[in-house]
Each structure stands twice: as structure tokens, then as C-alpha cells.
Amino acid sequence: MKKLAPILIAFFFFSCQSKEEITQQQYAVEGMALYKTHCENCHQADGAGLRDLYPSIQKTQLSPEALACLIRNGKKGNGYMPANAKLQALDIAELVTYMREKWGNKKQIYPADSVKIALQNCR
Amino acid sequence: MGPKTINAKGDTVYHQIPTFRFLNQDSVIVTEKDVEGKVYVADFFFTTCPTICPKMKTQMLRIYERYKERDEVRIISHSIDPDFDNTSVLKDYATRLHIEAPKWNLLTGDKAAIYKLGQKSYMVSAQEDPNEAGGFVHSGAFILVDKNRHVRGIYDGTVETEVNHLLEDMEVLLKE
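Going down the list, the protein sequences come from chains E and A.
Residue -15 is where the first sequence starts when you use this note's numbering, and the numbers rise one by one after that.
Residue 94 is where the second sequence starts when you use this note's numbering, and the numbers rise one by one after that.
So here's chain A without its partners, still in its complex pose (with noise of 0.2 Å):
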């Protein structure tokens, strides 16, 4: 899914999650290696959003608990809201959330890198708005993400059967 562009050489080059560098809940580097060769699903959020984030979670927590053994799945979370989603803020919710790294990533970053990966290659919707509850607007979706970090599905993160849809889509993916 995304756009295509032509390469110099004429070649359809299809849309594909550019490199990136963040950090996680235990304060070490995640870049676009840590999910070399494997299927991950990405979603956006912030540790004090009272509206759509929780059910995420929810939802977010039955991937994670499913694909638990399974090296080649990982889930990556970023926060939209990075000054106050320092690492320890992160550590703190991934402990009460009994969830681990790397399995479950949790990045915080440069706010302006993170929009930017979220608008442009995610292509879904997070930045700050004073009139949204929580000060920020963001979409609830999970982007699935094949082996080669190219976007193969979106899907509501806050309705179950639509979070059934990525759990078949991820089994079609992962035998790729």
C-alpha cells in the first residue's frame, strides 16, 4: 500500500517505512534493523490519552499475547507526545502493562520525526491539537507491516473483528 514513484532507471518502486531511530522503554536504540525480516504492526499513541489509546491497548495486548513465542512478529508503538513520553514515563507504563521489549517496543524521539514517519509513511493522522481531549489527535490505527517494512494492511485498533482481519492477514504475511 502507498504511493509508488518511478526510479531513474524507469523501475515502479513501491512505497516502503524509511529508516528510523528511536528509543525504547529500556533506553536503547531501535532502528528499522531491529525489524529486519520480520512482520510487525505499528500503531500511535500517548500514555496520558484518556480516549481511544486504552482500547488499542486492549486490542494491541491480544497480537501481543498470541505472537508471544514468535520471533519473526513485532509490535511497535510510538508516542506522539515525546517530551512528556520520556523513557522512564514509557518503562513505567510497559511494566504496568506486563509487557517486554523487543517484542513490544515502546519509542519515544523527535517529535517532528515521529509526525513525520506517522503522516508520510505510516499515512495515518498524529499531531498536537489544543481542542482534542489529551491535547493531541491521532488515528487508531494498526499498520501492518511485512518483512521487507512495506505497508501491507490498516485496521481500526479500537474494534475487535477488525483486529481479527490483521490476525488472518498476519498468518498470510508471516508464511511469505
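So that you can see chain E by itself, here it is in the shape it has in the complex (with noise of 0.2 Å):
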């Protein structure tokens, strides 16, 4: 079912969207399922975080790049985050994707070439 989502959702849009849109849609929808498993128990399902312990990220400011970095390699130190080594740059140009249509506001897709350049560009 789940995989089948994004086909029936690409299916049902086909008709009256861009191909670019239909991307952007299917992006998101696998997006959300990478959050659900990476991101959600810290951040929780609405991504306010909890209380000071976990950081919200539903007004982040870090920029795509800043983010794919974030997602990949985690933070040491004060404000601890577990590094994502297994996420690939597809998925994480997912969940970028999805994480600024749910609380960016902004329906654009992040490709997974631009992750591929920001990692090789992680500070």
C-alpha cells in the first residue's frame, strides 16, 4: 500500500498537473514516510519537537543545504543529533522536500542532485 500511494496520487494528478508538480508530489509523499521513521520520535508527527530537549522544526532557518548536512551527519556536542549515514541522497532530497511543503509553505522540489553537491560541501 504504501508504495502504491505515490503511483495512485501521480495517477490521479496526471491529467491537470505539470510533470514537475507530479515530482514534487511524489517526492513529499515518500518524504513524509522517511520523517515517520527517521525524525518523528524526536520531533514528533507535527514537528514542534519536545519541550527544550528536541529542537522544533517547523520555523527552521537553516537553508536546504544547511539541512541536507543536518540530516546526514547529525550535531556532536551540545544539542546532539544522531547522524543519518544510511540516508541516501534521494531520500534526504525527500524529506527536505516534504519538510518545506509542510511547514515551509513552499511546494518545490529539492533534487537529489543539489543534496549530492551540499554534502560534498557539508561544513
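What the hints contain is simulated information worked out from the structure, not anything from laboratory work.
All the given hints hold, so there is nothing to weed out.
Listed below are the simulated EDC-like cross-link pairs for lysine to aspartate or glutamate, each with C-alpha atoms no more than 20 Å apart in a straight line: (1) A:K240 to A:E261; (2) A:K148 to E:E24; (3) E:K70 to E:D97; (4) A:K148 to A:D185; (5) A:K240 to A:E162; (6) A:K196 to A:D239; (7) E:K20 to A:E225; (8) E:K70 to A:D222; (9) A:K148 to E:D30; (10) E:K60 to A:D185; (11) A:K240 to A:D127; (12) A:K184 to E:D36; (13) A:K148 to A:D174; (14) A:K126 to A:E193; (15) A:K268 to A:D164; (16) E:K91 to E:E49; (17) E:K70 to A:E225; (18) A:K268 to A:E165; (19) A:K196 to A:D185; (20) E:K60 to A:D176; (21) A:K213 to A:D203; (22) A:K196 to A:E125; (23) E:K59 to A:D174; (24) A:K213 to A:E125; (25) A:K161 to A:E264; (26) E:K59 to E:D75; (27) E:K59 to A:E225; (28) E:K60 to A:D174; (29) E:K59 to A:D185; (30) A:K148 to A:E225; (31) E:K20 to A:E253; (32) E:K60 to A:E225; (33) A:K148 to E:D36; (34) A:K148 to A:E255.
Using the supplied hints, reconstruct the complex from the two chains, each of which is provided in its own coordinate frame.
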């Protein structure tokens, strides 16, 4: 069923949406599933975080590049966040696309190619 | 709950949480005396745990908020990564979670003693495992302990409905 959902949505929008919009939808749906698995435990389903322990991501000021690096590499020391070394560029692209649609109110794809470049330039 | 034993006199002795001695987030020594005559909930966690701990803490906060003003209720969270989770790390964690001792004690101490207490006394798994995310494997259980340190219930601390049961049972134990 999980695999079917994006196809159905894509099919539904096929006649009235551009190819880019369809891809954006696909990314966002996959991103939602990834968010559930990798982010929701701490940042909660609504992205509000948990008190001062896990920060809210609803109003993050981070650029997509910085987000990609943070998701992949985590954060050490104060405000520790575990790394997600197993997430591939496409996974991260889908996650960022989902997050910025949900909390950034921006229906715009963040392509996997951009993630690859961003990951090569993490600080 | 737990194994029963027969003592020298031939009486049945019920499983009881043994004496313990750990440090909390305020660097204060906490022992079994601090839960004397109190109903308490125990769990095992570590501050850098990326998997079930955040869910457990969300649920434990419900218990904390509900019994904030009731002195007969305590919460004890044992770190299973005491090498990293020293008292200052625990203090920072408690501050950011907006919780206070002695109502909710986050405890650290001798690793072997913590694992033994978890496995033998609370009957939950707690150990190091390099294959596990975060490096430790531990159960998500909340263990409900009565005023005489007898284990009275074990609940899945990651599931809201299970914690509802715990809250119901807590009321029963408080009336004992």
C-alpha cells in the first residue's frame, strides 16, 4: 500500500499537473514516510519538538543545503543529533521536499542532485 | 511479579527491588530509602538515544505532570550509558526537559550495577550492543513498583494506551 500511494497520487494529478508538480508530490509523499521513520520520534509528528530537549523544526531558518548536511551528519556536542549515514541523497531530497512543503509552505522540489552537491560541501 | 523464593523458615519471599545507590542529576545520592513508602515508575534510557527514548520521555512526562503535586509518587530513569551520561549531562537533559528531582530522578553510576538491576530486578533488557542504533539495546518498559518495592506491573512506555493502564493501576497502588 505504501508503494502504491505515490503512484495513485501521481495518476490522480496526471491530467492537470505538470511533470514537475507530479515529481514534487512523489518526493513529498516518500519524504513523509521517511520523516515518520527517522525524525518523528524526537521532533514529533507536528514538528514541534519536545520542550527544550528536541528543537522545533517548524520554523527552521536553515537552508536546504544546511538541512541536508544536518540530516546526514547529525550534530555533535551540545544539541546532539544522531547522524543518518544510511540515508541516500534521494532520501534526503525527499525529506527536505516534504519538510518545506509542510512547514515552509513551499511546493518546490529539492532535487537529489542538489543534495549530492550539498553533501560534498558540508562544513 | 517476579520469581518467588522460599527462605530458611519455609516462608515464601516475594521478589523485591534490592537496595541501590546511584547519583542523580543534582549529584545527590539516591537510594532505596528515597522511594520508601512511595509508588514509583522506573525505566531505562540514555540521553543520546535516537530510537524509542524520546517516545518514552513523552509518555513519562504525562505521568510527571499528572503527579507533580503528589509526594507519594516518584519517577526513576536509569541511564544505561553512564560513561557518557554523567551528572552534568543528566542535569542539562533534565533542564531542557523541564523536570526536577526528587520527583523525577535521572540516575547514573556503576554500569555493571545498573545492568544487573535492570536485568535481574526489573526484568527488562538493558545492555550494550554495537549493532543497535546508538550503541545500546534496552527495553521501552515502564515498571510500576509499589510502596514495598514489589514490581506490580510492566507496561510499554512507547504506547499511549499502555501508559493509560499504568495510570489506572497507579491509582490502585496509591490507595494501598
